[in-house]
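These are the residues of each chain, in order.
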Amino acid sequence: MKRRDALRSLALITGGLVLVPSCDFSKEDILTAYQNLQITPSLQQLLKDIAGTIIPVGNIKSAADIEVQDFILVMVNDCIDADGQKSFMQGLQGFEDFSKKSGGSAFAKLDQSGKEAVVKAALAIELPENTKPEDPQKATKEFIGMAKRFTVQGFMMSEYIQTQVKPYSLIPGDYQGAVLISDLKPERING
Amino acid sequence: MANLNIDAVKERTFQAIVIGSGLSGSWAAKELTEHGVKTLVIERGRDVKHIKDYPTTSMLPYEFEHRGQLTQEIQKENPIVSRCYAFREDAAHFFVKDKEHPYVQEKPFDWIRGYQVGGKSLLWARQVQRWSDFDFEGPARDGFAVDWPIRYKDIAPWYSHVEKFAGVSGNKDGLASLPDGEFLPGFPLNVVEEYFQGKLKEHYGDERHMILARCAHITGNFDYYAQQGRAKCQSRNLCQRGCPFGGYFSANSSTIPWAEKTGNMTLRTDAVVHSIIYDEEKGKATGVMVIDAHTKEMEEYFADVIFVNAAALNTNLILLNSTSTRFPNGLGNDSGLLGKYVAFHNYRAGISAQYEGHLEYTTQGGRPTSGYFPRFRNLKKQETDFLRGYAAGFGANRGSYADQNAIGMELKENLLNPDQYGPWNVGSHMMGETIPKESNYVALDANAKDPFGMPQLKINVDYDDNDEKMIKDYLEQMTEMFEKAGFTNIKTRDDKRAPGLDIHEMGGVRMGKDPKTSLLNGNHQLHAVPNVYVTDGASMTSTSTQNPSLTYMAFAARAAHHAMKNFG
Chain A
1 MKRRDALRSL ALITGGLVLV PSCDFSKEDI LTAYQNLQIT PSLQQLLKDI
51 AGTIIPVGNI KSAADIEVQD FILVMVNDCI DADGQKSFMQ GLQGFEDFSK
101 KSGGSAFAKL DQSGKEAVVK AALAIELPEN TKPEDPQKAT KEFIGMAKRF
151 TVQGFMMSEY IQTQVKPYSL IPGDYQGAVL ISDLKPERIN G
Chain B
1 MANLNIDAVK ERTFQAIVIG SGLSGSWAAK ELTEHGVKTL VIERGRDVKH
51 IKDYPTTSML PYEFEHRGQL TQEIQKENPI VSRCYAFRED AAHFFVKDKE
101 HPYVQEKPFD WIRGYQVGGK SLLWARQVQR WSDFDFEGPA RDGFAVDWPI
151 RYKDIAPWYS HVEKFAGVSG NKDGLASLPD GEFLPGFPLN VVEEYFQGKL
201 KEHYGDERHM ILARCAHITG NFDYYAQQGR AKCQSRNLCQ RGCPFGGYFS
251 ANSSTIPWAE KTGNMTLRTD AVVHSIIYDE EKGKATGVMV IDAHTKEMEE
301 YFADVIFVNA AALNTNLILL NSTSTRFPNG LGNDSGLLGK YVAFHNYRAG
351 ISAQYEGHLE YTTQGGRPTS GYFPRFRNLK KQETDFLRGY AAGFGANRGS
401 YADQNAIGME LKENLLNPDQ YGPWNVGSHM MGETIPKESN YVALDANAKD
451 PFGMPQLKIN VDYDDNDEKM IKDYLEQMTE MFEKAGFTNI KTRDDKRAPG
501 LDIHEMGGVR MGKDPKTSLL NGNHQLHAVP NVYVTDGASM TSTSTQNPSL
551 TYMAFAARAA HHAMKNFG
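Residue numbers (the numbering used here), protein chains in the order written: chain A, 1 to 191; chain B, 1 to 568.
So here's chain A without its partners, still in its complex pose (with noise of 0.2 Å):
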């Protein structure tokens, strides 16, 4: 557990890239933070993009320019089953082709609304009832489901947005039991 932690602290300070020499040069190096998957430099870049797009940038941040690509991964790597994180793998690798069938183009390379319109493609999946467990498409579903609550869950409950945008106070104040919902005029915050 130690060494893993030590791993897990370099990879938070490095952004992940902590690297295992390989022996094979052809392949690229396996990022090591995450032991149960299987990450390389280009696949975590591409859950970045893909953060990017479900929460992009705008007046405040956006979930890539926060990095919530490491919070996704350090979550599927260590509170989703064997099942969930295969799943996940395959969605993840398999996304540059879905990307390319359903999108014309590699993610990278298409603009914020042709990224929408692919991870929207992605979320839209409906499986027939007869889905094999290794069909690509229930893979990218379930990876885009994994990948879209836990930006949503790395973003909202990151520190940024908890001390600069939202701040969190551990101190709700006293309950009050009969609010009229009228009476609340929350600031309104622009993305």
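It is worth saying that the hints were derived from the structure and are not from the lab.
With a straight-line Cα cutoff of 16 Å, these simulated EDC-like cross-link-like pairs (lysine to aspartate or glutamate) come out:
#	chain 1	residue 1	chain 2	residue 2
1	A	K61	B	E413
2	A	K185	B	E360
3	A	K166	B	D419
4	B	K232	A	D174
5	B	K469	B	D494
Chain B residues, not near chain A, derived (Cβ > 10 Å throughout):
#	residue
6	K38
7	V104
8	Q105
9	D147
10	E182
11	N221
12	F222
13	T266
14	D279
15	K282
16	M289
17	G357
18	Q382
19	P455
20	L475
21	T517
Glycine included, each C-beta is placed from N, C-alpha and C at the ideal position.
Based on these hints, arrange chain B on the given structure of chain A.
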């Protein structure tokens, strides 16, 4: 221990020994030390100092690597404790991991434990409801277990004593089934909870009530609690991390530091009690044998009076393991009933629904408690084909949420400005009385040992037909009340959880009037060894429906005063 010299024995001799530093043990220690009794408190786990040893107490959500969730690895290694709702990233360090203290499940039993100074008082749900004579007279009226040797009038002043010091928030409800106590101001019920109260009144008159649950949180009398270094509850709802304000009662924030301040308490942590020493010539208990948790070496400590407050099942384990020529089957076990008549609270059933009224309202802020149904079933007389009844929690809640259907800027705007309101969500969970039976028991396993060389406890506890009937009735009655209140989308559940997950295991060393059918007398002394007191959950003759901690605290305080009078 033949090589012990006189000085060493003197160093190891106290006026009283309290085994266990949790909720009930710390109360015994507080009362004894406050009255000048030199007391040794023995805790099997590590020390947890108030505030200093609450590592997660002020952490913000983003500071938890998995935002509160536990990893697959931890859950796989700990299938038992992982079923506990509070075993999460922010409080996992206060729970016993499955491998740390194995036990034998003859039938499934989720034994949830906290081994540290303060025990489970750091982790409890802080609900404190008094018993009444409807509860104490239950076994005698309904013909099960044995008659309690005490009644409400015996314990009422001690409830007051404990409530005042611990700090209990609640309303004076004037109900015979749930006597009022020394209350600090209650937290508010919300608009739908009050509406439901009104509907109950309309349909059931004075027969059924839903009130604010009383909880051990400070909401007033602040100067008084400042003496303990405790302050107003801030409604953080992060109690399981340990409270930096001391806003709720824990041994760590209240009774242990209070006892320490007297100068009369010696705290020996990391010491697993092996057994209580019985001196055949003197005809009494003279001390305890402990195993150092790290060196595994055996040590002895001596005292005139011994309080066993190791938490219900471990108290059974210690007494069962305390054998001598006089007591070959466990200390004080002349009746042969030690470890038997174990019971618990039936938490299997629950109900949820929605309410489409009062939609112009929401709630704000936090609240460490919710609504509570005192028992109404079979209260004044037998009404059903099962014995006893159930209490129940109740709550209504509503808050804004974000529409998360879109992606891109639309999703981002929605997330940052959550403005959706659904209907109110309402729900209840059952807290059923179970009937203690001889066939529900704990015993020492003949072969398996724990990491300290102690015999493992084997647990054989199960539901029975009475419990099944009660679950059915709870779900029927709650459905009826929800329907009468106009709640919709009603969903009932029976999660089939194993006993133990209620964390209200009780009995095995029950109180009673007759030494032939009970272990403890009305003063919590072992009938056969009067200088040994048991005042935790093990002493419970029956379980009734109330969250039991308040009763253990009152028992401990009462018994400590009895001991001082009789062994002072």
